[in-house]
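Number of protein chains: 2
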Amino acid sequence: MSLKHAILVALSEGPKSGYDVAKQFDESIGFFWRARHSQIYREMGKIKESGLAVAEEVPQSGKPNRIVFTITDAGRETLLQWSREPSEPPEMKDLFLVQFHGIEHIDLDGLRQNLMRRIETHQDRHAEYVVKHQLLEDTNSLADLGQQLALEVGMRWEYQWVDWCTKALERLAPEAIAGMTNVVPFQKEGKKNAE
Amino acid sequence: MSLKHAILVALSEGPKSGYDVAKQFDESIGFFWRARHSQIYREMGKIKESGLAVAEEVPQSGKPNRIVFTITDAGRETLLQWSREPSEPPEMKDLFLVQFHGIEHIDLDGLRQNLMRRIETHQDRHAEYVVKHQLLEDTNSLADLGQQLALEVGMRWEYQWVDWCTKALERLAPEAIAGMTNVVPFQKEGKKNAE
DNA sequence: CATATATATTCCACAAATGGAATATAAGAG
DNA sequence: CTCTTATATTCCATTTGTGGAATATATATG
Chain P
3 MSLKHAILVA
13 LSEGPKSGYD
23 VAKQFDESIG
33 FFWRARHSQI
43 YREMGKIKES
53 GLAVAEEVPQ
63 SGKPNRIVFT
73 ITDAGRETLL
83 QWSREPSEPP
93 EMKDLFLVQF
103 HGIEHIDLDG
113 LRQNLMRRIE
123 THQDRHAEYV
133 VKHQLLEDTN
143 SLADLGQQLA
153 LEVGMRWEYQ
163 WVDWCTKALE
173 RLAPEAIAGM
183 TNVVPFQKEG
193 KKNAE
Chain L
3 MSLKHAILVA
13 LSEGPKSGYD
23 VAKQFDESIG
33 FFWRARHSQI
43 YREMGKIKES
53 GLAVAEEVPQ
63 SGKPNRIVFT
73 ITDAGRETLL
83 QWSREPSEPP
93 EMKDLFLVQF
103 HGIEHIDLDG
113 LRQNLMRRIE
123 THQDRHAEYV
133 VKHQLLEDTN
143 SLADLGQQLA
153 LEVGMRWEYQ
163 WVDWCTKALE
173 RLAPEAIAGM
183 TNVVPFQKEG
193 KKNAE
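Residue numbers (my numbering), protein chains in the order written: chain P, 3 to 197; chain L, 3 to 197.
Heads up, a few of these hints could be off.
Repeated chains share a single entry, so a pair holds when one copy, or any two copies, can fit it.
[Unchecked claim] 30 Å max Cα-Cα, derived BS3-like pairs, lysine-lysine:
#, residue 1, residue 2
1, K65, K48
2, K134, K169
3, K169, K6
4, K95, K6
5, K50, K95
6, K65, K50
7, K95, K169
8, K6, K65
9, K95, K134
10, K95, K65
11, K25, K48
12, K95, K48
13, K50, K169
14, K48, K169
15, K134, K6
16, K95, K25
17, K48, K6
Everything labelled a hint here was simulated from the structure, so no lab data went into it.
What you are looking at is a predicted structure, and each value in this text was computed from that prediction instead of being measured.
Take these sequences, add in the hints, and give me the full structure.
As structure tokens, this is what we get:
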């Protein structure tokens, strides 16, 4: 029930159609909360039902009519109350790190390749955040400060990944792990790794 | 379809019951991929169906019988293939950061309280990772290196959060934002904030 | 002139995850 | 001696998310 709040944040800036909200998710809000248009339209229907926004059909020729949603006082109140509630820090969720847990039983070269791939991805994402961040510099509004701060979390996150992957690659280099004990318990007889 | 792989990693260490796997998720694997026992039991059923593990019922008196799963060669092969596939970096997903996007429309004191709460939470988590990490020091096995590396991602992540929250609190202190322009578009007449 | 892209919404099948109830007993804590 | 914790599994209603089909047209690109 949290997509609701993300949509309300989008609507708090002004009246928007489902299409508009979906676009904003792609461009900014989606950095921290992704959703597909099908999900957004469905949720906006519910938001209307519960009176947090009102809908108005704006006729268009050629294209389907826009259904523009405007946040209500109840919607704004929901947003305020939400921001007073304790927000649970997100859990890390990354199967790649689970692979490290079972590192003896997976393909080390595959792992190394994934590390290299990730370095690129995270560098790209970092660059993207930096650009967005710079666009907000030298302004003096609370709104921009908020967006900057959010982007800074992203920048830190991506930077840490690049750095960690680089160091992991070094520590997992063939020379580095050559002399390690590699105890593989519970494997069939005769299949134990020789070092 | 990824819980499957996390469970296979758990099973790759040795035969386990659903209960064992659930416990391991709580203790270690769950740092990076959480799952409830109901989900784990269901998925292990599927793993058995697809021949990636075999199940054996171990009679017990008093308690329900243990159903112990042992990974098969097909299961090990699945694990190897999985580690060769490109793994998509996770997206950040945190509604708290969405609040920053709509910072003009939320309760700033609520936000500050959440920042303070997060500092504590992330410090605690960081400490937890550090302890687990230290238990693995001074060993020389690949398995332990893998777990160390995974924990280090956690440590970096938690540290960054503590640092960011602390700095965000400073930049959002009442004195700091006192002179800011606070443009609130689309609000009703007479409700615009005075600075 | 054809083709792709942007606009704009509805609907649906499916997969995955949440969050618990229900069942049954041993062992340890107070 | 009671209460909690640990052991061990099954089942299910509900929510959330994925991924795409279907519909209809204007405008920009090549």
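Which of the listed hints are broken here?
Those not satisfied are hints 10, 13 and 14.
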